[in-house]
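Work out the full structure: start from the sequences and follow the hints.
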Amino acid sequence: MIVVGLTGGIGSGKTTVLKCFQSFGVPVYIADVEAKALMNRSKIIKRKLIQLFGDAAYVDDTLNRPYLSSKIFNDKTLLSKMNAIVHPKVASHFKRWLKKQDSHYVIKEAAIIFENHLENQYNYIITVVADEDLRIQRVMRRDNTSEEKVKSIIKNQLSDKEKIEKSDFVITNNDLESAKKQALEIHQQILQDINKK
87 MIVVGLTGGI GSGKTTVLKC FQSFGVPVYI ADVEAKALMN RSKIIKRKLI
137 QLFGDAAYVD DTLNRPYLSS KIFNDKTLLS KMNAIVHPKV ASHFKRWLKK
187 QDSHYVIKEA AIIFENHLEN QYNYIITVVA DEDLRIQRVM RRDNTSEEKV
237 KSIIKNQLSD KEKIEKSDFV ITNNDLESAK KQALEIHQQI LQDINKK
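Take the sequence shown: its letters are residues 87 to 283, numbered as in the numbering used here.
Be a bit skeptical, because a hint or two may be false.
Distance condition first, Cα-Cα at most 30 Å in a straight line; then the derived DSSO-like pairs of lysine-lysine [stated by the list, open to error]: (1) Lys162 x Lys237; (2) Lys235 x Lys186; (3) Lys134 x Lys235; (4) Lys167 x Lys252; (5) Lys237 x Lys247.
Think of the hints as simulated: they come from the structure by calculation, not from any bench. Remember, predicted model here, so these are calculated numbers, not experimental data.
Here it is as structure tokens:
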């Protein structure tokens, strides 16, 4: 099964692009969504996160995301410890999901493919980019947050330039119609490549 990675910085519009691919009948796996679900569902993850962050990690048996975010935002060590707990579980969940799919290829959306040096897990990688001002506006609207907060998140992420250099395809998502058109072209290109093999 061909696995296509889809990545991009915060506010680039990855979810919008994924919906385009879903409309072409491509199964989509969103690593971040599955990670959050597993952090609430898995007893093993819960136990380990409470050991790492203390009892405040969960409130009423539900992941206390604002608390965790505040802890890991400026602490790379804590972040990598948390990732070491969550990522292997997400990886094995993805493998089980993949076995159930029946299509030419699937898309796995993950924000930090390059940051975690996971390029070799994918046959192709698509990076979604958008103008920085637009990204900031999108995230401020979506998360009801400040411009400073969004800018500091962007600064902590790998630059678009670095991502583009490592990608097979790039979608510029400044407006929906153009993004849809680019997604369709990439979809057709991937199908062509698969048929050649």
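> When the hints from earlier in the document are held up against this structure, which numbers fail?
Replying inline: Of the numbered hints, just 2 does not hold.
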